Amino acid sequence: MIDKLRTRRGPNLEAHENHLAAVLVAPILIAVFGILVIPLLYSLLLSFTDTRSVIVEYNFVGFANYIKAFQDEVFRYSMRVTTTFVVVTNFLKLVFGTMVALALKERFKGRSIARSLIIIPWATPLVVTAIIWKWMFNAHVGLVNFLLIKTGIISHSIDILSNKYLSMPAVILADLWQGTPFFVILILAGLQTIPDDLYEAGSIDGAGSFQKFFSITLPLVRFPMFVALILGSIFSINQFELFFIMTRGGPANFTRVITLFDWEKAFRKLDISYASAVSYLILLLSFLIAAIYIIYLQKSQD
Amino acid sequence: MKHLGQRFKRIFLYLWVGGFLTFFLFPFYCILNTSLQCKNSLFTKNVNFYPRDITLENYIPLFTNPELNIIKALLNSLRVSLIVAVVCIILGALGAYAFARLRFKGSKVWFTLLLVTEMLPPISFLIPFFILYSRLHLLNTWYGLVIGYVAWLLPIATWVLYGYFKTIPRDLEEAARIDGCSRVGALLRIIIPVSTPGIISAGIICFMFSMGEFIFAVTTMTQGTSRTLPVEITLFIGKFSLDYGAISATAILALIVPVLLVLFLQKYLVEGLTKGAVKE
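Which chain is which? The protein sequence lines are A and B, in order.
The C-terminal residue of the first sequence carries number 320 in the working numbering, and the numbering is unbroken.
The C-terminal residue of the second sequence carries number 412 in the working numbering, and the numbering is unbroken.
FYI, nobody ran anything at the bench for these hints, they're computed from the structure.
There may be inaccurate statements among the hints.
Straight line, CA to CA, 27 angstroms or less: simulated DSS-like cross-link-like pairs of lysine-lysine [what the hints assert, rightly or not]:
(1) B/371 <-> B/171
(2) A/230 <-> A/127
(3) B/399 <-> B/204
(4) B/240 <-> A/317
(5) B/237 <-> A/317
(6) A/287 <-> A/86
(7) B/171 <-> B/141
(8) A/123 <-> A/230
(9) A/317 <-> B/298
(10) B/298 <-> B/237
(11) B/298 <-> B/171
(12) A/230 <-> B/141
(13) B/298 <-> B/240
(14) B/371 <-> A/182
(15) B/371 <-> A/287
(16) A/123 <-> B/399
(17) A/182 <-> A/168
(18) B/141 <-> A/127
(19) B/237 <-> A/123
(20) B/399 <-> A/127
(21) A/182 <-> A/287
(22) B/171 <-> A/168
Treat the numbers as computed from the prediction; the structure is a model and nothing was measured.
Using the sequences and the hints given, assemble the complete structure.
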């Protein structure tokens, strides 16, 4: 019956659907691409100029700003800081998140409460996360110093966030606290799709816990893990708030991630053209990761 | 022997769960505890794990002192986030329906491009937005923020709603259309009511992301009274850097709405987040 209707109305219906689709989709496309693409092209233009203020008056300088970036030691150092941060924090989130998700998959009393409580850090505004952990690491009133002194590990309190060896690990810890729940949510959702029969079959075949994890669990949660890693990486390339509030890039440039470097160049030094070029380099980096994601997603859908 | 092993596993499981829950939740307790203590007890040699004399002295100025814009900023945040969520749901639902149900030229390409915009770094938009906004007099206005946030969150809302619309059986809609409903009628009368959970999750995600957004707000809201809470709090930290009691009180204020949302609506939140990330 329905098929008949479809064939009878054939081409007309198709044309009608095209129109309707255009009307329905237009607001989104205008809102998203209209608002985002024009500014993006504008900043591409700026990156080839020598604009140094908001009152835009400029000469074209070709690739000078991009060349300047690669010669700028602070820029190169910032890239290294960001890379270290992104790799370390996402690796740790994946391992920690998997371990938490595995525990939350087991049946135990209070499991559903534990599952909802664990999302709260993820829902916490980043500014609040930064405040909480800045307090934790504070030299005078913070918990971390208090515990380290009480347990006798250190004798005098240290200013963790101003210490060149400790400031980055401290921010990573805050980031783990905030970001791991997202990994847990995705991995746990993946774990729940694995039927129990598979584990029972594994037990009958005499597989141990580790064997079951590597030959049953891991292959089946590869996809959510991959999604978590990609989204997590893009998110941490753009991490700004924690560094802005906890360390301001210090001590020296030890935690000056690329976003903080770029933001300061643009809005503190008003070096608009150079900052635009740097932001395009960040964009390129994110785009590479996004491309991997989209290609993988489309492959997995086929 | 096996029984003993099981038992051991059980104990280990509880220890592990207790351990990570402490890591994730104890910081909240600490900050609440700090916000309820008076200034003197914060600077003793010992950290008090429970407030000795509970006091609201850190909270009261936030409400009574008009120079502290915290409450005003909280209301600003709520207003912006609510408007953003509503706009994203309406526009997102229309578009998501077209992407999920209608066949039209370029639908796949546009949909992919929408997702790509979500992965572009916010910082690359800040500089041109700042310049264009200053020309268009959108700096320091709440609608300037709304415009930016809608452009940023609309693809996410569309993606979540698309996932929901895909799960609704086509028969339901076909039946309505045989009964004389138009496409739009079917969308409004059948699809939308059935996808309430999807609409709620898209709404919460947009709302929460707008509530917490910082870098765009701090760049475009440098002065004036339209600042949102995250920006106002950082200014507050700058002014009262040593007054950890007061700072903690503002943090608690900023936490109330997100925490309530998570505790009461987390089912929708989790569904919205995991749609598409897990293969059915």
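Hints and how they fare:
Our distance criterion of 27 angstroms between C-alpha atoms is met by residue 371 of chain B and residue 171 of chain B, whose separation comes to about 16 angstroms. A distance of roughly 24 angstroms separates the Cα atoms of residue 230 of chain A and residue 127 of chain A; the hinted pair therefore holds under the 27 angstroms criterion. Distance restraint check for residue 399 of chain B and residue 204 of chain B: the Cα-Cα separation of roughly 31 angstroms exceeds the 27 angstroms cut-off, and the hinted pair is therefore not satisfied. Simply put, residue 240 of chain B and residue 317 of chain A have alpha-carbon atoms about 14 angstroms apart, close enough for the 27 angstroms limit, and the pair holds.
For a cut-off of 27 angstroms, the pair hint linking residue 237 of chain B to residue 317 of chain A stands: about 21 angstroms separates their Cα positions. A distance of roughly 16 angstroms separates the Cα atoms of residue 287 of chain A and residue 86 of chain A; the hinted pair therefore holds under the 27 angstroms criterion. At roughly 45 angstroms between alpha-carbon atoms, residue 171 of chain B and residue 141 of chain B are farther apart than 27 angstroms, so this suggested pair is violated. At roughly 15 angstroms between alpha-carbon atoms, residue 123 of chain A and residue 230 of chain A fall within 27 angstroms of each other, so this suggested pair holds.
Proposed proximity of residue 317 of chain A and residue 298 of chain B is supported: the alpha carbons are some 19 angstroms apart, at most 27 angstroms. Proximity of residue 298 of chain B to residue 237 of chain B is assessed by CA-CA distance (about 19 angstroms); at most 27 angstroms being required, the pair is judged to hold. At most 27 angstroms may separate the alpha-carbon atoms for a hinted pair to count; residue 298 of chain B and residue 171 of chain B exceed this at roughly 56 angstroms. Restraint check for residue 230 of chain A and residue 141 of chain B: satisfied, since their Cα atoms lie roughly 16 angstroms apart, inside the 27 angstroms limit.
Our distance criterion of 27 angstroms between C-alpha atoms is met by residue 298 of chain B and residue 240 of chain B, whose separation comes to about 14 angstroms. In summary, the hint linking residue 371 of chain B to residue 182 of chain A is supported, as the alpha carbons are separated by about 26 angstroms, within the 27 angstroms threshold. Between the alpha carbons of residue 371 of chain B and residue 287 of chain A the distance comes to roughly 23 angstroms, so the proposed pair stays at or under 27 angstroms and holds. For the proposed pair residue 123 of chain A and residue 399 of chain B, the alpha carbon gap of about 16 angstroms is at most 27 angstroms, so the pair holds.
For the hint pairing residue 182 of chain A with residue 168 of chain A, the CA-to-CA distance comes to about 23 angstroms; that is within 27 angstroms, so the pair holds. Taken as a hint, the residue 141 of chain B and residue 127 of chain A pair is honoured in the structure, with Cα atoms around 15 angstroms apart against an allowance of 27 angstroms. A C-alpha spacing of about 43 angstroms is found between residue 237 of chain B and residue 123 of chain A, which places the hinted pair above 27 angstroms, so the restraint is violated. For the suggested pair residue 399 of chain B and residue 127 of chain A, the alpha carbons sit about 19 angstroms apart, so the restraint of at most 27 angstroms is met.
With a C-alpha separation of about 25 angstroms, the suggested pairing of residue 182 of chain A with residue 287 of chain A holds against the 27 angstroms cut-off. At most 27 angstroms may separate the alpha-carbon atoms for a hinted pair to count; residue 171 of chain B and residue 168 of chain A meet this at roughly 22 angstroms.
The structure fails to meet hints 3, 7, 11 and 19 from the earlier list, while all remaining hints are met.
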